[in-house]
Amino acid sequence: MMIDKDLRQFLEKIMAYANRTGIAFMTGNIYGGLAGFWDYGPVGVEIKNRIKEAWWNKWVRNRDDIVGYEGAIITHPKVWEASGHLSSFNDPLIFCQGKCKKKYRLDHLIEDSVNVKEEGIAVEELTIENLGKIVLDKNLKCPECKGDLGKPITFNLMFSTRVGPVQDTSSIAYMRPENAQLIFSGFKNVTDSTRVKMPFGIAHSGVVFRNEISPRNFLFRVREYELMEFEYFTNPEKTNECPYFDDIADYKINIYSRSEQLQKFDEDYVTMIVQDAWDKKIFKNLWQAYWLSLFGKWFTEELGLNQKRLRFRQHLESELSHYALDTWDLEYHYPFGWKELMGCANRTQYDLEQHQKFSKKKMQFMEQVEGGVNRYIPYVVAEPSVGLGRILLTVITEGYTEEEVKGRKRVVLKIHPKLAPFDAAVFPLQKKDNVSKKAKEIFQNLRTEGFVVDFDVSGSIGKRYRRHDEIGTPFCITIDFDTLNDNCVTIRNRDTMDQTRIPISNLSEELYRNRREYQIQ
RNA sequence: GCGCCGAUAGUCCAGCCUGGUAAGACUCCUGUCUGCCACACAGGUGACCUGGGUUCAAAUCCCGGUCGGCGCACCA
1 MMIDKDLRQF LEKIMAYANR TGIAFMTGNI YGGLAGFWDY GPVGVEIKNR
51 IKEAWWNKWV RNRDDIVGYE GAIITHPKVW EASGHLSSFN DPLIFCQGKC
101 KKKYRLDHLI EDSVNVKEEG IAVEELTIEN LGKIVLDKNL KCPECKGDLG
151 KPITFNLMFS TRVGPVQDTS SIAYMRPENA QLIFSGFKNV TDSTRVKMPF
201 GIAHSGVVFR NEISPRNFLF RVREYELMEF EYFTNPEKTN ECPYFDDIAD
251 YKINIYSRSE QLQKFDEDYV TMIVQDAWDK KIFKNLWQAY WLSLFGKWFT
301 EELGLNQKRL RFRQHLESEL SHYALDTWDL EYHYPFGWKE LMGCANRTQY
351 DLEQHQKFSK KKMQFMEQVE GGVNRYIPYV VAEPSVGLGR ILLTVITEGY
401 TEEEVKGRKR VVLKIHPKLA PFDAAVFPLQ KKDNVSKKAK EIFQNLRTEG
451 FVVDFDVSGS IGKRYRRHDE IGTPFCITID FDTLNDNCVT IRNRDTMDQT
501 RIPISNLSEE LYRNRREYQI Q
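The first sequence: position 257 = 257 (the numbering used here), numbered continuously.
Hints listed in this document are in silico derivations from the structure and should not be mistaken for laboratory results.
Being a predicted model, the structure only gives us computed values, none of them experimental.
Using N, Cα and C, we set each Cβ at its ideal position, and we do this for glycine too.
Among the hints, a few may not be true.
[What the hints assert, rightly or not] Below, simulated DMTMM-like cross-link-like pairs (lysine to aspartate or glutamate); rule was C-alpha separation at most 25 Å, straight line:
hint	residue 1	residue 2
1	K252	D326
2	K133	E118
3	K188	E178
4	K238	D64
5	K418	D456
6	K437	D480
7	K362	D192
8	K281	E237
9	K188	E370
10	K188	E353
11	K281	E302
12	K264	D326
[Stated by the list, open to error] Quick list of simulated restraints, FRET-style, between CB atoms:
hint	residue 1	residue 2	range
13	S160	N235	51 to 61 Å
14	S505	N434	14 to 24 Å
15	N374	R447	51 to 61 Å
16	T500	Q444	14 to 24 Å
17	I502	M366	50 to 60 Å
18	N306	N434	23 to 33 Å
19	E403	K133	53 to 63 Å
20	Q275	S160	46 to 56 Å
21	S160	K52	26 to 36 Å
22	K197	E111	31 to 41 Å
23	R216	K284	23 to 33 Å
24	R216	K138	25 to 35 Å
Full structure from sequences and hints, please.
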């Protein structure tokens with residue numbers, strides 16, 4: 001039976017499913033839960049680790065031009081001062097509740113609309129509550145549309161903590177809200193210890209913390225998550241020299257560009273090949289077009305996302321972060337609408353320049369050229385940045401399928417075998433005697449070969465098949481009485497439900513072959 | 001952060017209006033049987049989000065909180 005994955009209630013179905021199968025749970029649920037934080041269960045942690053492994057293999061181990069890095073979670077406070085993350089820290093903000101919905105710095109708004117000197121108001125010294133009182137007392141309205149103003153709030157994006165047992169203001173430190181700054185502040189560590197040549201990337205996967213105002217949509221918007229990203233550096237004079245562009249020039253992508261968004265375009269996107277998009281100057285930077293397309297390919301061809309549900313959306317000028325020249329998102333069509341799966345910003349030289357300024361250490365890259373040495377601060381053309389939990393949510397949303405088999409509902413998680421929590425499950429047809437013993441032996445051998453395998457004897461054989469369908473196990477291997485004589489087993493395919501009898505000695509090759517050749521329907 | 005709605009077993013849910021100690025289905029566990037697609041037989045485990053209030057008595061009514069979904073806003 002078809003299920004409409006665009007329906008908002010589908011998300012609730014996914015949550016119940018995740019809970020039922022041991023994928024994810026709200027943290028501390030015995031105490032009522034904590035908003036924005038989730039635990040992964042036995043099945044979820046396997047899928048998550050496999051996604052992470054797939055990312056690392058694809059973008060670090062299998063690339064000649066990218067190396068890995070892993071920074072500390074509690075970061076030197078100066079890093080965030082330099083990056084600009086601290087500058088808007090503790091700013092009091094207020095939002096227009098009227099038509100325009102604009103946000104204002106409340107301290108500035110009061111200074112602009114009230115004669116502070118005459119009234120003897122010291123804006124800097126006031127608490128957020130007292131600032132809010134002024135708004136009420138003076139009946140301040142939105143300067144733009146004269147609408148009512150809401151309650152003032154303080155932005156506290158970063159989680160802070162204290163380092164060391166003495167709790168004074170000098171001991172304050174922050175949990176990283178992004179990995180990028182660890183790459184930038186550690187940039188010299190990499191160039192000084194490794195033989196990297198321009199252009200190259202530094203990749204970083206790790207947990208980050210953002211004190212979001214309102215966590216939403218299950219694993220989508222959370223306060224603690226694993227972010228996988230890399231910074232790709234080039235010579236600032238050569239930001240459009242991408243030697244690999246031909247690899248993706250003919251690749252078809254769905255584009256939702258800035259002009260389409262501004263024109264209130266009715267469609268979700270326009271489809272064209274990357275080369276055309278570049279020729280029409282939709283992309284400003286060749287490397288960005290390259291990396292976005294490569295990730296588009298990875299998500300669809302290797303992680304199994306439906307290309308129709310993936311689009312490239314350019315950020316509007318007004319959305320750009322303080323460090324970004326241009327940003328594109330890869331958006332997925334979730335049950336709650338088109339939302340960012342991955343972001344890819346052009347961060348220019350901004351961050352390394354900032355760190356050079358604040359640390360007074362040279363952030364230059366040196367390369368030997370004809371007739372001397374070339375020194376420059378590298379330019380970040382692209383920063384593909386994606387949340388691990390968000391990929392997991394996307395993959396299970398895409399893969400969750402309900403089918404009708406002989407009048408009954410079958411739930412199948414159709415995910416790529418390399419992301420499945422188990423490579424295979426082994427079932428003895430009968431619980432006792434030699435059948436079970438033989439099954440155990442096959443199970444152990446597969447484990448020894450490095451497969452992740454489950455062993456299941458409980459319930460009828462059909463029930464066991466369905467249990468593993470639901471969590472995405474691509475193969476179930478059944479051992480019966482004949483196995484004892486002919487050394488063959490029945491191997492049953494998750495998606496087609498087809499059963500074939502093959503020799504035990506061919507099992508591992510069959511599992512490998514399927515992982516290699518698997519095609520998403 | 002504001003507003004609306006909701007929260008009962010692993011899941012789906014009945015009961016709430018009209019207060020009287022929680023039902024069903026599936027799942028799960030055990031045993032018997034069967035032996036390649038959840039469906040046999042018997043038995044079993046398991047729940048009223050949290051804190052207060054009203055009451056002889058609260059899953060039920062009232063108030064606060066937490067969590068979730070949705071809408072708005074936010075997401076440097």
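Right, here's what the structure says about each hint:
no., hint, verdict
1, K252 - D326, "holds (21 Å)"
2, K133 - E118, "holds (18 Å)"
3, K188 - E178, "holds (19 Å)"
4, K238 - D64, "holds (19 Å)"
5, K418 - D456, "holds (21 Å)"
6, K437 - D480, "holds (11 Å)"
7, K362 - D192, "holds (12 Å)"
8, K281 - E237, "holds (19 Å)"
9, K188 - E370, "holds (24 Å)"
10, K188 - E353, "holds (13 Å)"
11, K281 - E302, "violated (28 Å)"
12, K264 - D326, "holds (21 Å)"
13, S160 - N235: 51 to 61 Å, "violated (37 Å)"
14, S505 - N434: 14 to 24 Å, "holds (19 Å)"
15, N374 - R447: 51 to 61 Å, "holds (53 Å)"
16, T500 - Q444: 14 to 24 Å, "holds (23 Å)"
17, I502 - M366: 50 to 60 Å, "holds (58 Å)"
18, N306 - N434: 23 to 33 Å, "violated (46 Å)"
19, E403 - K133: 53 to 63 Å, "holds (60 Å)"
20, Q275 - S160: 46 to 56 Å, "holds (47 Å)"
21, S160 - K52: 26 to 36 Å, "holds (27 Å)"
22, K197 - E111: 31 to 41 Å, "violated (52 Å)"
23, R216 - K284: 23 to 33 Å, "holds (31 Å)"
24, R216 - K138: 25 to 35 Å, "holds (34 Å)"
Checked against the numbered hints given earlier, the structure breaks hints 11, 13, 18 and 22 and satisfies all the rest.
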